[in-house]
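Chemist: As a plain string of letters, each chain reads:
2 protein chains.
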Amino acid sequence: MKIVMTYGTFDLFHIGHLNLLERLAELGDKLIVGVSTDEFNQEKGKQCLYSYQERARIVGALKCVDKVIPENNWQQKQQDIIEHKVDLFGMGNDWQGKFDNLQDLCEVIYLSRTPTISTTQLKLSLAKIDPQTIQKMKQGLDSVLDIVKALE
Amino acid sequence: MKIVMTYGTFDLFHIGHLNLLERLAELGDKLIVGVSTDEFNQEKGKQCLYSYQERARIVGALKCVDKVIPENNWQQKQQDIIEHKVDLFGMGNDWQGKFDNLQDLCEVIYLSRTPTISTTQLKLSLAKIDPQTIQKMKQGLDSVLDIVKALE
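Here the protein sequences line up with chains W and D, keeping their order.
Read in order, the letters of the first sequence are residues -19 to 132 in the numbering used here.
Read in order, the letters of the second sequence are residues -19 to 132 in the numbering used here.
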């Protein structure tokens, strides 16, 4: 039984997230995902649209994911690897080399991200949106700014 | 074996989508989801950020979903219900009464949407976003407008 583990925030869940998780799942028998908590994201200065509860529920609802645990800090990975008997730690290669220190505990790999998603695919998506819709989105963001100001 | 069916676009997958799909899945043994194709959305005048292929893959990757089929037009539902031996047709209650004509073929229900997602939850999410981030999003949309113009 080969156990694979990864970590992430998974805000605004998209096909790039799914690609990475499905590819990691294929590398073992069980995939555990650490989802960053709201408190940890705040510490990182990362703004999320969706709460930890929502992000974790979506990730945990995927067929390729066997277990979700909260990621509360940078230091817990060593302990998680030991506790969950992790064989393979995998991240997207935007983190290349950043977790090599975990190689004492398990195999560490960095998967290439799907570049078609972030460039060609995005451009194709954008080509489908008419400028009027984007204007409406901008107007929507103006309303959001008003609400945020009112909440302050 | 009770077969449940629903339809939708599922662009920008969020917790409201998951809530609806998981509740529908609980009402039967198998959940089939018709995902609107890009051509059908275009016909409806509906703009999507993600392609049919991406939206269908995310929905199909969920534990609660057993099968995804393309939704190509308004008329196919009768045929789908017969072909897939559907016992229960369910939609969110923003469609209340709109599919009562299918009651000759199977049970039809409209599920209440989770209002906490669209109002309280959204406001809570907005409160977490600082105005600077929203300004950056607006600048991002300006770049998008430029790309769209360049693609025209």
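Treat the hints with care, since some could be wrong.
Note that the list lumps identical chains together, so a pair holds whenever it fits in one copy or between two copies.
[To be verified] Lysine-lysine pairs mimicking DSS-like chemistry, simulated, CA-CA at most 27 Å apart:
no., residue 1, residue 2
1, LYS24, LYS43
2, LYS26, LYS(-18)
3, LYS65, LYS26
4, LYS(-18), LYS24
5, LYS43, LYS10
6, LYS47, LYS10
7, LYS(-18), LYS78
8, LYS65, LYS43
9, LYS(-18), LYS43
10, LYS26, LYS47
None of these hints come from the bench; they were simulated from the model.
Chemist: Each hint should be assessed against the structure and marked as holding or not.
Modeler: How the hints compare with the structure:
Taking the shortest alpha-carbon separations for LYS24 and LYS43, neither the intra-copy value of 29 Å nor the inter-copy value of 31 Å comes in at or below 27 Å. In the homo-oligomer, the alpha carbons of LYS26 and LYS(-18) never lie at most 27 Å apart, since the shortest distance is 32 Å inside one protomer and 44 Å across protomers. With identical chains, the CA atoms of LYS65 and LYS26 are never at most 27 Å apart, being 29 Å at best within one copy and 47 Å at best between copies. Neither within a single protomer nor between protomers do LYS(-18) and LYS24 lie at most 27 Å apart by alpha-carbon distance, with minima of 31 Å and 47 Å respectively.
Taking CA atoms no more than 27 Å apart as the test, LYS43 paired with LYS10 passes in both settings, with 11 Å inside one copy and 15 Å between copies. Proximity of LYS47 and LYS10 under a CA criterion of 27 Å is satisfied in both settings, with 8 Å inside one chain copy and 23 Å between copies. For the identical chains of this complex, LYS(-18) and LYS78 are intra-copy neighbours only, at 23 Å inside a copy versus 49 Å across copies, given an alpha-carbon limit of 27 Å. In this homomeric assembly, LYS65 and LYS43 come within 27 Å of each other (Cα to Cα) both inside a single copy, at 21 Å, and across copies, at 24 Å.
When the C-alpha separation of LYS(-18) and LYS43 is checked against a cutoff of 27 Å, the pair qualifies both within a copy, at 17 Å, and between copies, at 21 Å. In this homomeric assembly, LYS26 and LYS47 come within 27 Å of each other (Cα to Cα) only inside a single copy, at 24 Å, whereas the closest approach across copies is 35 Å.
Checked against the numbered hints listed earlier, the structure breaks hints 1, 2, 3 and 4; every other hint is satisfied.
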